[in-house]
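K.L.:
Residues per chain, in single letters:
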Amino acid sequence: MDDLCPLAFLSAGTEATIAKVRAGKGMQTRLFGMGFCPEARVTVQCADRGSLIVSVGDARYALSRGIAMKILVECAKAVA
Amino acid sequence: MTREIRIALTGNPNVGKTTLFNALTGSRQHVGNWPGVTVEKKTGRVRRNSYEIEVVDLPGTYSLTAYSADEIIARDFLLDEKPDVVVQVVDATNLERNLYLTTQLSELQVPVVIALNMADMAEAQGDAIDLARLSAFLEIPIVRTVGTRGDGIGDLLDAAIREVKTSPHHEHTIGYGDDVEATIAMLADALSADTDLTGRYPFRWLAVKLLEGDESVLDKVRGGPALARVERILSSIDSDEYEAMMADKRYEAISAILPQVRKANVRSMSPSDMVDRVVTDRYLGIPIFLALMWGTFQLTFTAAAPFMTMIEAAVGWLVEFVAGSIEPAWLASFLGDGIIGGVGAVIVFLPNIFILFLILAFLEDSGYLARAAFIMDRPLYALGLPGKAFIPMLVGFGCNVPAIMATRSIEGEKDRLLTILVNPFMSCSARLPVYILLAGTFFPEQAGSVVFFLYVLGIAVAIASAKLFRSTILPGEVSPFVMEMPPYRIPTAITSLRHMWSRGSMYIRKAGSIILIGVLAVWALASFPLGVDYGSAGSFAGMIGHLLEPLVAPLGFDWKVAVALIFGFIAKEIVVGSLGVLYGTGEETLSSALLADPGLSAAAALALMVFVLLYTPCVAAIGVIRQETGSWKWAGFSVAYGLVVAWILAFVVGHLAGFFIGGA
Amino acid sequence: MNETKMLVFGAVLGALYIVTGLLQVLGPVIGPVPGTDLLYLTGDLFVGFVLLVIGAVFAVGARNLSRDVGEGAIFISVGILLSVLFGLVSLLALCATGLDVFLLGEGAEWSVADSIGPLLYLAVIGAVGFLAWGRETLRGLTSS
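Protein chains in written order, with our numbering: chain G, 1225 to 1304; chain Y, 44 to 707; chain B, 113 to 256.
Treat the hints as calculated values from the structure; they're not laboratory data.
Mixed in with the good hints, there may be bad ones.
[As the list claims (entries may be wrong)] No more than 16 angstroms apart at the CA atoms, straight line, and that leaves these computed lysine to aspartate or glutamate pairs for EDC-like:
#1 G:K1244 with Y:D283
#2 Y:K84 with Y:E139
#3 Y:K125 with Y:E97
#4 G:K1244 with G:E1263
#5 G:K1244 with Y:E139
#6 Y:K292 with Y:D194
#7 Y:K263 with Y:D281
#8 Y:K306 with Y:D173
#9 Y:K263 with Y:E274
#10 G:K1244 with Y:E284
#11 G:K1244 with Y:E520
#12 Y:K306 with Y:E520
#13 Y:K208 with Y:E95
#14 G:K1249 with Y:E124
#15 Y:K292 with G:E1263
#16 Y:K292 with Y:D222
#17 G:K1249 with Y:E284
#18 Y:K457 with Y:E671
#19 G:K1249 with Y:E97
#20 Y:K306 with Y:D170
#21 Y:K510 with Y:E520
#22 Y:K263 with Y:D283
#23 Y:K85 with Y:E97
#24 G:K1249 with Y:E258
These numbers come from a predicted model, not from an experiment.
Please take these sequences and the hints and turn them into a complete structure.
P.N.:
Below is the structure:
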């Protein structure tokens, strides 16, 4: 089991793969629909103390720290 | 013979669905509300060949689960209303995510046609999409469209019509892997025992939703014979895990298809992302935002000035004309002072409001406002407000009515309510003439600073109220913020104008109805009982004023002010006009009349401005609050809270000012 | 996009905006600094703030370029966009005020000179930058 860390900890320019989304049912479903699914590749565009702008696929999203903490990625595989 | 077809328009948010809807239906549109919720429902009609087509614009959704009002509406419509064909608007520059919704539509077994929209942007990016191949893979007809130019509209309608006539409909299904498929088969089998569901909903879809843990589907099974067996199957699985697995499989299927149908132009960092680095920079982000806000308001006030001058002149001329040429005198008064003067006071603001809304529409359509919401999320979070709250607050500086409606984009119920409750403290443009009159009269040298102080005070009270409400009646954390950042675009003039119009027209409607009535009420109360001097102490207006005088005396107001305030409750625009009526002067000489009044000191004038800033929202705003919150409770609370805060602060400010300026 | 040219451009404009911004802000506080009458400084604090912001964007861009840290060019480009944008705002305000005065008929005591400020004339320099590099950036922006 790889070490998992929250998306919020990554810095700008980092790419990572989503491992798990730990959110309430509704939010989880919504995040899946937006592209934040396990195995999806995420790139952090801008980071500011936990709030992020990320790109997933061709889409770009802004996430508050709260949400970014709930999306877990595989730390070891994160590429800066 | 014309045939009737019904098309449901669906798709992700931000795919240009609205533009496409407008291109399809033109002016034959009707806007209403979905029953029971505050979500806008748009329907329209269009004719194609011998078909009369009704187009229903469903809310934009990322998927078809049932966790938000938008999604429930979209899904229920597709399931229960069974439209003849569904047109999914897909953003060609965002295929991967858009196709996720497509997989869900396929599972619903509704006839689908895809409008591959924003094709021009995809091509400009250098992407080449093989429509024929993609269509073959999905087993869904695809039409290339460019909503902003109207390309492909005809082909789209033809394809939709063709699809209605085609049967049987193909079912392209995603394979979820042996284990999951086995469970699906078990569930489908269990469900077949429920004859109520047979034929109404596709079993496979029901099974998939049950595995995902969809409560509303489970409800459909409840009360039926299949329940026991279904529950037994479900108890052995973890729905969170299954949902993740199935979502994963869907994306997997999509990623398998995509490289075969699209040659994407490899881009390192897009210019949009680069600009974002600057605009959301930790140190420069907020200053840039503030600078742009200053620019917005500066441009609004200066550009509106010439228009306001023209309107004032026109209204003034009209009033004089009426006064001079219409007999008898009471009719002249009714038309002149009453209707024209009153409505004129409102119309004078139209340039101000429309220009503000136009600039905001431009900022919104260009994509910047989404970034601004992100930038403001941090500071607003500290105040207990969601980042998206700043848009309604900005709109509130124009008029609170469209501002409160703009809170629909805020997700958390409490967050939304909080934003609605503090919105009235954003000083709307209707209050400005009061400030200009009083500040200009009593503080001629520092008028500008006084007005600025008032605006800042309004914001400060809004912030303090937000914190107060958060810690008492609306406890909890601000909902987490996820927002799509569309790529920057140069907005088309038409789109922005449409946007401006949808907000501005609310103001016009308010003016046309409530204010007109209010103005007539003012006139009536000031003119009766018969024979009394217009607006004197003997009129009904005066009598009401004297009744209320004790309540406002501590603030330094006399009965005339009290009456003006009551009329301001109806619409803030008529406060100045009412004062004019009560002091018996026209607007030009009102200034000197006020100065001459021994009952009104400079300190009291300041207190009055503070009171007008803070006391209850106008009737139109109260109506909107009730409509958006669904109850009179919060509307009433707004009124009461506003009154209390206004009274206390006016008292404090008035006395402090009196102490420093002298005179009571 | 020649990097050295951009660096110089950014550094110069950055300095100009920051200096005028400071003078603008200090004006109401300390009193007009002698010798700056030609700069058409209005006493408006907010204009000063905006000038400082634009200057800062240019400055950061120039600094990044000089240190070759990356992203310098984009700061300069955004700086140019802001410069031109606020120049347009000033121009529109000027025209609108002029129109208003004309409509009021009294002539008032207003001349074009009253509405000119650093936001307007510095934008002219910014516009030069826009013509040189801006078109590409805009095109890149709207297609992606």
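K.L.:
Are K306 (chain Y) and D173 (chain Y) close enough, with their CA atoms no more than 16 angstroms apart?
P.N.:
Holds: K306 (chain Y) and D173 (chain Y) sit about 8 angstroms apart, inside 16 angstroms.
K.L.:
Check the hint pairing K292 (chain Y) with D194 (chain Y) against an upper bound of 16 angstroms on the C-alpha distance.
P.N.:
violated (34 angstroms)
K.L.:
Please work out if K1244 (chain G) and E284 (chain Y) have their alpha carbons no farther apart than 16 angstroms.
P.N.:
holds (10 angstroms)
K.L.:
Hint check: K208 (chain Y) vs E95 (chain Y), CA-CA at most 16 angstroms. Holds or violated?
P.N.:
The hint holds at about 15 angstroms.
K.L.:
Take a quick look at whether K1249 (chain G) and E97 (chain Y) sit within 16 angstroms of each other, Cα to Cα.
P.N.:
Given that 16 angstroms is the threshold and the Cα spacing comes to 35 angstroms, the pair is violated.
K.L.:
Does E97 (chain Y) sit within 16 angstroms of K125 (chain Y), going by the straight-line distance between their CA atoms?
P.N.:
Measuring from Cα to Cα gives roughly 13 angstroms; hence the hint holds.
K.L.:
Need the status of pair K510 (chain Y), E520 (chain Y): alpha-carbon distance at most 16 angstroms?
P.N.:
holds (12 angstroms)
K.L.:
Is it true that the CA of K1244 (chain G) sits at most 16 angstroms from the CA of E1263 (chain G)?
P.N.:
Since the Cα atoms of K1244 (chain G) and E1263 (chain G) sit roughly 9 angstroms apart, the hinted pair holds (cutoff 16 angstroms).
K.L.:
Take the C-alpha atoms of K263 (chain Y) and E274 (chain Y), compute the straight-line distance between them, and say whether it is at most 16 angstroms.
P.N.:
holds (13 angstroms)
K.L.:
Between K457 (chain Y) and E671 (chain Y), does the CA-CA distance stay at or below 16 angstroms?
P.N.:
Holds: K457 (chain Y) and E671 (chain Y) sit about 13 angstroms apart, inside 16 angstroms.
K.L.:
Is it true that the CA of K1249 (chain G) sits at most 16 angstroms from the CA of E284 (chain Y)?
P.N.:
Distance of about 11 angstroms is within 16 angstroms: holds.
K.L.:
Are the Cα atoms of K84 (chain Y) and E139 (chain Y) separated by 16 angstroms or less?
P.N.:
Measuring from Cα to Cα gives roughly 28 angstroms; hence the hint is violated.
In summary, the structure is inconsistent with hints 2, 5, 6, 7, 11, 12, 14, 19, 22 from the numbered list given earlier, while agreeing with the others.
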